[in-house]
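**Student:** Single-letter residue listing:
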Amino acid sequence: MLINAVTESPYWWLQVRVREVTVHTFADRATLGGDPREGQILTGTFWLVGKVVDLGG
Amino acid sequence: MPVPGGGALVRFELPQGPQVWAQIDPAGEIAGITPFFATGAPYGIAITGIGEDPEEPLDGWIDGWLEPREGDEPYSGAFPLRTSLVDFAVVRNRITNVSHPRPSGNCRAGLRGRTLRKRGGVPDRSRRDLPPSRGILRLSGACQHRRHARVPGTDRA
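These protein sequence lines map, in sequence, to chains C and D. 1 is the number of the first residue of the first sequence in the working numbering; add one for each residue after it. 1 is the number of the first residue of the second sequence in the working numbering; add one for each residue after it.
If you are wondering where the hints come from, they were derived from the structure by calculation, not from laboratory data. Do not rely on the hints blindly, as some may be mistaken.
To be verified - To spell it out: a stretch of chain C is covered by chain D in this simulated footprint if at least three of its residues, at any positions, have a beta carbon under 8 Å from a beta carbon of chain D; those stretches are: (1) 31 to 42; (2) 46 to 53.
Unchecked claim - Here are the computed distance ranges between Cβ atoms for each label pair: (3) C:ARG29 <-> D:PHE12: 20 to 26 Å; (4) C:PRO10 <-> D:ASP129: 39 to 45 Å; (5) D:GLY5 <-> C:GLU8: 36 to 42 Å; (6) D:PHE12 <-> C:THR31: 19 to 25 Å; (7) D:SER76 <-> C:GLN15: 19 to 25 Å; (8) C:GLU38 <-> D:PHE79: 19 to 25 Å; (9) D:PHE12 <-> C:THR22: 24 to 30 Å; (10) D:GLN16 <-> C:GLY33: 21 to 27 Å; (11) D:PRO15 <-> C:VAL21: 36 to 42 Å; (12) D:GLY40 <-> C:ARG37: 22 to 28 Å; (13) D:ASP129 <-> C:ARG19: 38 to 44 Å; (14) D:ILE33 <-> C:THR45: 16 to 22 Å; (15) C:VAL6 <-> D:ASN97: 37 to 43 Å.
Note that beta-carbon positions come from the ideal geometry of N, C-alpha and C, so glycine has one too.
Turn these sequences into a full structure, and let the hints guide you.
**Tutor:** Pasting the structure below:
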């Protein structure tokens, strides 16, 4: 769990396994409806945002 | 960082990883804000398409396959996805200028990006197919709505 340094609200950093890839996702307690535990299955709607590190061609 | 054609992207960040990217239009006004979390984890992607928001030209997304397994087959990765890009405005030209032999087949997005300004997802009408190319991304997902969470073998949610 992390704390928003501006609002001081807690939120979760979740590592979600999707097939063989681990996707990092973030959610507050209200969205999750509780505190997550390792091994749980999460289904929901996600906004996926990327930043380009390298375009190798 | 300056955007080709005018405007800029401005990044605000905190030490733990959260960032906010502000899109500044050529008139100096804030055109949009996108949250991002720098986890440090890189992902390979075979880019197969690109699109921009018809109403917000500094906003856009790419289609692709995550972690492609075969060097000459872009449709070989873990799964297809669509992701918004926080730096779309400054990398768009670089993405569209990279070209490679085009394989047969068509990519359909399995996940969709969404901006805070829209309901129901990014419109497809601006999508362009691209000759597949490779890139490295950092990704962060924001859970916007939980439908279901459970521990296998228990009734507790």
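**Student:** A separate judgement is required for each hint: does it hold in the structure or not?
**Tutor:** Outcome of the hint check:
With 10 residues having a Cβ less than 8 Å from any Cβ of chain D, the segment 31 to 42 of chain C passes the three-residue criterion, so the hint holds. Residues of the segment 46 to 53 of chain C with a Cβ under 8 Å from some Cβ of chain D number 8, which satisfies the need for three, so the listed coverage holds. Checked against the hint of 20 to 26 Å, the pair C:ARG29 and D:PHE12 passes, with Cβ atoms roughly 24 Å apart. One distance hint, 39 to 45 Å for the beta-carbon pair C:PRO10 and D:ASP129, holds here, with the actual separation near 42 Å.
A hinted range of 36 to 42 Å for the beta carbons of D:GLY5 and C:GLU8 is consistent with their spacing of about 39 Å. Remark: the range hint 19 to 25 Å for D:PHE12 to C:THR31 is upheld by a beta-carbon distance near 23 Å. At about 24 Å, the beta-carbon gap between D:SER76 and C:GLN15 stays in the expected band of 19 to 25 Å. As the Cβ distance of C:GLU38 to D:PHE79 is approximately 22 Å, the hint placing it in 19 to 25 Å holds.
Restraint check, D:PHE12 to C:THR22: a C-beta distance of roughly 26 Å satisfies the suggested window 24 to 30 Å. For the hinted restraint 21 to 27 Å between D:GLN16 and C:GLY33, the CB-CB distance of approximately 24 Å keeps it satisfied. The beta-carbon spacing between D:PRO15 and C:VAL21, approximately 27 Å, falls outside the hinted interval of 36 to 42 Å. Between D:GLY40 and C:ARG37 the beta carbons are some 24 Å apart, a value that agrees with the proposed interval 22 to 28 Å.
Taking the beta carbon of each, D:ASP129 and C:ARG19 are about 24 Å apart, not inside 38 to 44 Å as hinted. For D:ILE33 paired with C:THR45, a C-beta distance near 20 Å keeps the hint of 16 to 22 Å intact. Taking the beta carbon of each, C:VAL6 and D:ASN97 are about 38 Å apart, inside 37 to 43 Å as hinted.
When each numbered hint is compared with the structure, violations occur for hints 11, 13.
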